[in-house]
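Colleague: Protein sequences appear in the order of chains A and B. Take the first sequence: its position 206, counting from 1, is numbered 1322 in our numbering, and each next residue is one higher. Take the second sequence: its position 196, counting from 1, is numbered 1312 in our numbering, and each next residue is one higher.
No wet-lab data here; the hints were simulated from the structure. Remember, predicted model here, so these are calculated numbers, not experimental data. Take these hints with a grain of salt, some might be off.
[Said to hold, decoys possible] To be clear about the criterion: a stretch of chain A counts as covered by chain B if any three or more of its residues have a C-beta under 8 Å from a C-beta of chain B, and this derived list gives those stretches:
| hint | stretch |
| --- | --- |
| 1 | 1173 to 1180 |
| 2 | 1231 to 1244 |
| 3 | 1363 to 1373 |
| 4 | 1392 to 1405 |
[As the list claims (entries may be wrong)] Pulled from the structure, derived: some chain A residues nowhere near chain B, Cβ distances all over 10 Å:
| hint | residue |
| --- | --- |
| 5 | R1125 |
| 6 | E1162 |
| 7 | G1163 |
| 8 | D1186 |
| 9 | A1220 |
| 10 | V1281 |
| 11 | I1295 |
| 12 | I1316 |
| 13 | P1359 |
| 14 | R1420 |
| 15 | Q1431 |
[Said to hold, decoys possible] To give an idea of the chain A side of the interface with chain B (calculated C-beta under 8 Å), a few residues:
| hint | residue |
| --- | --- |
| 16 | D1140 |
| 17 | D1141 |
| 18 | C1142 |
| 19 | T1157 |
| 20 | M1159 |
| 21 | L1167 |
| 22 | S1168 |
| 23 | V1170 |
| 24 | A1200 |
| 25 | S1202 |
| 26 | E1248 |
| 27 | R1354 |
| 28 | D1423 |
A virtual CB, placed ideally from N, CA and C, is assigned to each residue, including glycine.
One-letter residues, chain by chain:
There are 2 protein chains.
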Amino acid sequence: MGEFDLIARYFARPARRSPLGTGDDCALLAPAPGMQLAVSTDMLVEGRHFLSTVDPARLGHKALAVNLSDLAACGAKPLAFTLALSLPAVDEGWLEGFSRGLFALAEAHDCELVGGDTTRGPLNICITVFGEVPAGAALLRSGARAGDDLWVSGTLGDARLALEVFRGTLGLPAELFDIARQRMETPTPRTALGQALQGIATAAVDVSDGLVGDLGHILRASGVGAQVDADAAVARMRLPAHPLAATAGLTPELLRLCALSGGDDYELLFTAPAERRDAVAAAAQRADTPVARIGRIKAERGLRIVDAGGAPVAQRFGAFDHFA
Amino acid sequence: MGEFDLIARYFARPARRSPLGTGDDCALLAPAPGMQLAVSTDMLVEGRHFLSTVDPARLGHKALAVNLSDLAACGAKPLAFTLALSLPAVDEGWLEGFSRGLFALAEAHDCELVGGDTTRGPLNICITVFGEVPAGAALLRSGARAGDDLWVSGTLGDARLALEVFRGTLGLPAELFDIARQRMETPTPRTALGQALQGIATAAVDVSDGLVGDLGHILRASGVGAQVDADAAVARMRLPAHPLAATAGLTPELLRLCALSGGDDYELLFTAPAERRDAVAAAAQRADTPVARIGRIKAERGLRIVDAGGAPVAQRFGAFDHFA
């Protein structure tokens, strides 16, 4: 199968929103009047962002999900994406699964494939995603103010437990591993929540490298500090609350590590004034996405991690760094 | 050096056109009123699109040039780009050279880096480029009509001669090899010509996989055929006209292969009505880019390749296919 046959068979779809989709030198996009285009790019490499054994449909889902998550963090509504794909060989079973998982998520978010590139080489998936946000309404990292609440959506840390099982540092009962693996392999981009938080959240970021690392981006961009309740973060994990968890050897240190610097969560971490708690709750309800308060923004620089009683937690937490 | 240090040192630039450049979850772009955004993505893989020994500054140039060439083929004015980079290791000499070559071309085309991604993995460069074109004015592949002239910009085929030297199938005197290698490694995207051809060209494509293959895109999209003068195409090559060429063993068959299906030219191939020849010439002069007529669009489907006397050329020509 040649390059153009491959595109026609697995990736061609009738153009919808784009005046010109796959098939010309460029795709053409026009945001509606008064809207800005939000753009983000993520590259996924085999062995680093996913295992070679991953189900291709889940990989197709995840490759787009991590990009949609960036749109969510800006409060942008998904519009379109481009896909560049380097493949070691034309494996039709793999392409069928990958494109199925990719388009299922794309259609769920009304996000259209408008262009791309395919080539032979080590497996590499690079997606650039486009969203629309009213001019001036994008959620930035730089708007957090002292006194703001610190919120997180959904659940944290379970994806990291799956990674530790794959790495062989942890054993889990099959039922727990399945839950953790699903969080790792098919994250849920919080695009509805991001849009609902326009005008409410003062800053937002998506949690990809771990809560501590990604919170650091908000703190640096906003010139503030924060206090985070480690136990409130651990309480966002799904696995410790499971009836089978008691037998799984999940130490308090491991749980804090996973919740605070686990990575691969693709939840929204955001700040909002304390007097907007009702508005945050209403936005979360509209987006059908649970949210929880896990800390507070402080004027004093630096990050202070405390337990439920307010005492400092001694454990050290970092961010996931692809070059460390 | 970590991921964020690497970005700060080699790829951070003050934001200009984008309201929000590198450093938040998304970049924000807003085309001017009445303008559409033209978007294109190209992925370059080591060993397939470039040799591991290539000078990193030339590679930085080429990675952006092949993307700008897609904007040129749509007649779009370059605005911005994102860069996703997978690197086997942090090699500061390589990064310095690559970013220098990349930004030199970006600045020459007033095209701003607005976001990206870096990770560790096999060397892979994925750029998505954004340009601006008045709504409805983009040059498409679908507008060629029977009777239109077929034009090509600049020079053809010399890049392929360099590739054949690297492959060991051809020897060239050093002076000739340098010219061919420069065409292969630092192509010139024809963005000024593309914009100048708005309202004049009826269809356009950039020549990346070879003239015959890329012309095929226009013929299929427009539902027409064409006759191409192989000798007029060979006359666009630089090397055969060089005083040293006589000793270089450049057979007529090799020259036709290079001119018609060499690839890596990044010239514009376009069609225009015969009565607009003066307008094409004026556009080429405004863009300071030579153009030449090499054929004509026909109502009868299929591609007919003839010599200067109008006799069919028996040699077969294909397109470069990354999966063939």
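Colleague: Identify whether the interface hint at D1423 of chain A stands, where standing means a beta carbon of chain B within less than 8 Å of its own.
Modeller: violated (29 Å)
Colleague: Minimum C-beta separation from I1316 of chain A to chain B exceeding 10 Å: can you confirm that?
Modeller: Since the minimum Cβ distance to chain B is about 17 Å, I1316 of chain A lies beyond 10 Å and the statement holds.
Colleague: Classify the label on G1163 of chain A as holds or violated, using whether its beta-carbon is more than 10 Å from each beta-carbon of chain B.
Modeller: The assertion about G1163 of chain A is violated, with a minimum of 7 Å to chain B.
Colleague: With a C-beta cutoff of 8 Å, work out whether three or more residues of the stretch 1392 to 1405 of chain A approach chain B closely enough for the coverage to hold.
Modeller: violated (count 0)
Colleague: Was the hint right that D1141 of chain A lines chain B, CB cutoff 8 Å?
Modeller: With Cβ-Cβ at 4 Å, under 8 Å, it holds.
Colleague: Taking the shortest Cβ-to-Cβ distance between R1420 of chain A and chain B, state whether it exceeds 10 Å.
Modeller: holds (22 Å)
Colleague: Holds or violated: the hint that V1170 of chain A contacts chain B, with Cβ atoms closer than 8 Å.
Modeller: violated (15 Å)
Colleague: Can A1200 of chain A be said to touch chain B, with a Cβ gap under 8 Å?
Modeller: holds (4 Å)
Colleague: Counting residues of the stretch 1231 to 1244 of chain A with a beta carbon closer than 8 Å to any beta carbon of chain B, are there 3 or more?
Modeller: Our answer is that it holds, as 11 residues pass the Cβ test (under 8 Å) against chain B, meeting three.
Colleague: In terms of Cβ atoms, is chain B entirely out of 10 Å range of A1220 of chain A?
Modeller: Non-interface label stands for A1220 of chain A: nearest chain B Cβ at 22 Å, farther than 10 Å.
Colleague: Quick one: work out the minimum CB distance from Q1431 of chain A to chain B and report holds if it exceeds 10 Å, violated otherwise.
Modeller: Since the minimum Cβ distance to chain B is about 21 Å, Q1431 of chain A lies beyond 10 Å and the statement holds.
Colleague: Holds or violated: is there a CB of chain B closer than 8 Å to the CB of M1159 of chain A?
Modeller: At 4 Å from the nearest chain B Cβ, M1159 of chain A passes the 8 Å test, so the hint holds.
Violation of the numbered hints given earlier is confined to hints 1, 3, 4, 6, 7, 8, 21, 22, 23, 26, 27, 28; the remaining hints are satisfied by the structure.
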